Amino acid sequence: MSRRDAGADTAVNRLPVIVGVGMTKFAAERLDASARDLMAEAVLALLADAGMSDLKAVQHGLCSYESDHFNKQMTLAAILHDTLGLIPTPTVRVEGGGATGALALRTAWAYVQSGLCDSILVYGCETNGRGVSSQTANQLFALSADFDWEMMIGGTYTGFYAAMMRAHMHRYGTTPDQFAHVAARNRRNAGFNPLAQKPMDLTIDDVLASRMVADPYRLLDCSLLSDGAAAVLLATEDWARAHSPRFRTRPTVAYVATGCGTDTMRLGDRYPEMTNFRAKQAAAEQSYRMAGIRTPLEEIDVAELYDSYSGVEIQAVEDLGFVPHGQGGAAIAGGLFDLGGALPVNTSGGLLGRGAPVGATGIAQAIEIALQLWGEADSRRQVPNARRGLTDTHAGIATISVVNIFERRD
Amino acid sequence: MAEVTSRKDIQTVSSGDGDPWAAFRQIERLTLSLTQHYTHTLGKYSRFFIELEQKRFLATRCESCGRVCAPPRPLCPNCLQPTHWVELTGAGTVETYSVLHFSPGSNADVAALTTPYVLAYVLLDGASTLFPHLLRAEPEQVTIGMRVRIAYVDGPVEHPIHLMHFIPME
Chain A
5 MSRRDAGADT AVNRLPVIVG VGMTKFAAER LDASARDLMA EAVLALLADA GMSDLKAVQH
65 GLCSYESDHF NKQMTLAAIL HDTLGLIPTP TVRVEGGGAT GALALRTAWA YVQSGLCDSI
125 LVYGCETNGR GVSSQTANQL FALSADFDWE MMIGGTYTGF YAAMMRAHMH RYGTTPDQFA
185 HVAARNRRNA GFNPLAQKPM DLTIDDVLAS RMVADPYRLL DCSLLSDGAA AVLLATEDWA
245 RAHSPRFRTR PTVAYVATGC GTDTMRLGDR YPEMTNFRAK QAAAEQSYRM AGIRTPLEEI
305 DVAELYDSYS GVEIQAVEDL GFVPHGQGGA AIAGGLFDLG GALPVNTSGG LLGRGAPVGA
365 TGIAQAIEIA LQLWGEADSR RQVPNARRGL TDTHAGIATI SVVNIFERRD
Chain B
83 MAEVTSRKDI QTVSSGDGDP WAAFRQIERL TLSLTQHYTH TLGKYSRFFI ELEQKRFLAT
143 RCESCGRVCA PPRPLCPNCL QPTHWVELTG AGTVETYSVL HFSPGSNADV AALTTPYVLA
203 YVLLDGASTL FPHLLRAEPE QVTIGMRVRI AYVDGPVEHP IHLMHFIPME
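First to last, the sequence lines map onto chains A and B.
First residue of the first sequence? That's 5 in my numbering, and the numbers climb one at a time after it.
First residue of the second sequence? That's 83 in my numbering, and the numbers climb one at a time after it.
A hint or two may mislead.
[Unchecked claim] Pair ranges (Cβ atoms, derived): (1) B/Ala-104 - A/Ser-137: 31 to 37 Å; (2) B/His-119 - A/Arg-384: 50 to 56 Å; (3) A/Gln-139 - B/Ala-104: 55 to 61 Å; (4) A/Pro-388 - B/Ala-194: 55 to 61 Å; (5) B/Ser-88 - A/Glu-289: 50 to 56 Å; (6) A/Arg-384 - B/Ile-249: 36 to 42 Å; (7) A/Glu-33 - B/Arg-218: 21 to 27 Å.
[Said to hold, decoys possible] Looking from chain B toward chain A, a few residues come up when the C-beta cut is under 7 Å (computed): (8) Val-95; (9) Leu-140; (10) Gly-148; (11) Cys-161; (12) Pro-186; (13) Asn-189; (14) Thr-197; (15) Tyr-203; (16) Pro-214; (17) Leu-216; (18) Val-224; (19) Ile-226; (20) Met-228.
[Said to hold, decoys possible] Chain A side only, calculated, beta carbon under 7 Å to chain B, not exhaustive: (21) Ser-137; (22) Gln-139; (23) Gly-158; (24) Gly-159; (25) Ala-167; (26) His-174; (27) Gly-272; (28) Glu-277; (29) Met-278.
Note that these hints are calculated values from the structure, not bench results.
Note that the structure is a prediction, hence the values are computed from the model and not measured.
Glycine included, every Cβ here is placed at the ideal spot set by N, Cα and C.
Take the sequences, apply the hints, and build the full model.
Next comes the structure, spelled out in structure tokens:
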């Protein structure tokens, strides 16, 4: 047997499955909880979900958080590892801006596939809520822009995203009421998710009447700053069967594919491509190839998309190949991605309604997909017979983009 | 009586019957600030900023691929070769923009901006990339495709990137 064949065999047998999930309710402010309190809360929820009493059999930790500034703590990974009683098992911290949680899962996928461990706890948290003023929050986020060329001129991510959407509107005729549809729908979906931060029942006119923040984006087009934590336990199927009673009674959800793409840090360096996310296109292509997907709109049943701003979801459905470029706005306004539509997205409420504590965001997206594939989501947001789900997560203006795909196997 | 100068408040958060955390529900919060001061080197970008003081706008050009980068790239990412400096006229075209209605106050120069202000991505004549900067114009005046030019200022400024901005071409 050639070495390559051996690797292929190993890959099939070692495909990670989701053993259990847990998260806190996301909140604008958890005045009663530090990062470590939040993380403990999410992991205790995970243990209950997996029907496990402790983490003693777990072989590896993987910590997901973005910001030493927001959390006021460096080497937070070591502290959380200690808090969770994972010592002396190995650990690693993964950071990739807004994509941190999804990149953490992708890294864990490789750790299990490689045989480095049979089980790995991916745990992430962030305290992006009211611990700092929104101006300080904008400054801290702007630190992840290019310091001398973008941050120092008064640039903010809100502004960079807005400039991209301005270009999209100019090229394709996309309109504010089309992205207002996303702002209203995702916050409505959040109403069916008890762990969501800010459900709202809004009309498109309500969104269009909110104050302008960075033209063309208005206040209700912007996602939330959140305190929260989320955790997923990944393992080989053998490990899961041996250690989690709950796993044995649930449909198996496997983490079947992952893709990652990158793009220039500065938007201006991407000229002449100013409307869409090349990194997302690359991540999608890789993950579709790995999962054997040719027609994503037909072959994917549910997706969590990175709606950092409402219009970003329009760009995402195009870059993920759900609809051709330039048709995202009309498809979204037509309800294609609503509950009951062809491919419901952001059933959790998304970053707009569920919230976005950065290090936990990508993990919370995977949790929503797991609940959907297990058939355990609230009946008002459950997608009937969902078999395959996708998460889309990115850093910056899709400077790093990660797509993860999960399948129900029964 | 003990005194904690940074104390914001002490409060007890709600907990139902049988709360396993009942003994941990009294919460104290502090108001703290962390201030850092840096010596920030502009590194190989330095000449760009020094020339701005002389009202000259420099970009970099790669001899191998011919790409002209503004902002400059000392190392061409395509060829991994050192680039060299070229001067641009400072005229250009708005390719996209946003009107910002809040200032993050990232430094003294930004804190002094009046809102709304225009963040424009400009294709400078002779460049291959877009240069982002403030466009001092009435927001309603700004359109994709409008011609603009660099205006130089003497300051005082905190960060030398503010020795320039864009204004509409007369």
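Chain A contact restraint for B/Leu-140 - C-beta distance below 7 Å: Since the shortest Cβ distance to chain A is 14 Å, the answer is violated.
When the least beta-carbon distance from B/Thr-197 to chain A is tested against 7 Å, hint result: Not OK, violated: B/Thr-197 not within 7 Å of chain A, min 10 Å.
Hint check: 7 Å Cβ-Cβ cutoff, B/Val-224 to chain A: Not OK, violated: B/Val-224 not within 7 Å of chain A, min 10 Å.
Interface restraint verdict for B/Gly-148 against chain A (beta-carbon cut-off 7 Å): violated, 15 Å
Per-residue hint verdict: B/Leu-216, partner chain A, C-beta under 7 Å: holds, 6 Å
Hint check: 7 Å Cβ-Cβ cutoff, B/Met-228 to chain A: Result: violated, 12 Å to nearest chain A Cβ.
Interface hint compliance - B/Ile-226 to chain A, C-beta minimum distance less than 7 Å: holds, 5 Å
Status of the given 50 to 56 Å range, CB of A/Glu-289 versus CB of B/Ser-88: holds, 52 Å
Verdict for A/Gln-139, B/Ala-104 (Cβ pair) under range 55 to 61 Å: violated, 37 Å
Status of the B/Cys-161 interface restraint (C-beta, 7 Å, chain A): With a closest approach of 15 Å, the B/Cys-161 hint is violated.
Hinted contact B/Asn-189 with chain A - closest CB pair below 7 Å: holds, 6 Å
Residue hint A/Ala-167, partner chain B, criterion CB-CB below 7 Å: It holds, given that the least Cβ distance between A/Ala-167 and chain B is near 4 Å, below 7 Å.
Going through the hint list in order, the structure does not satisfy hints 3, 6, 7, 9, 10, 11, 14, 18, 20, 21, 28.
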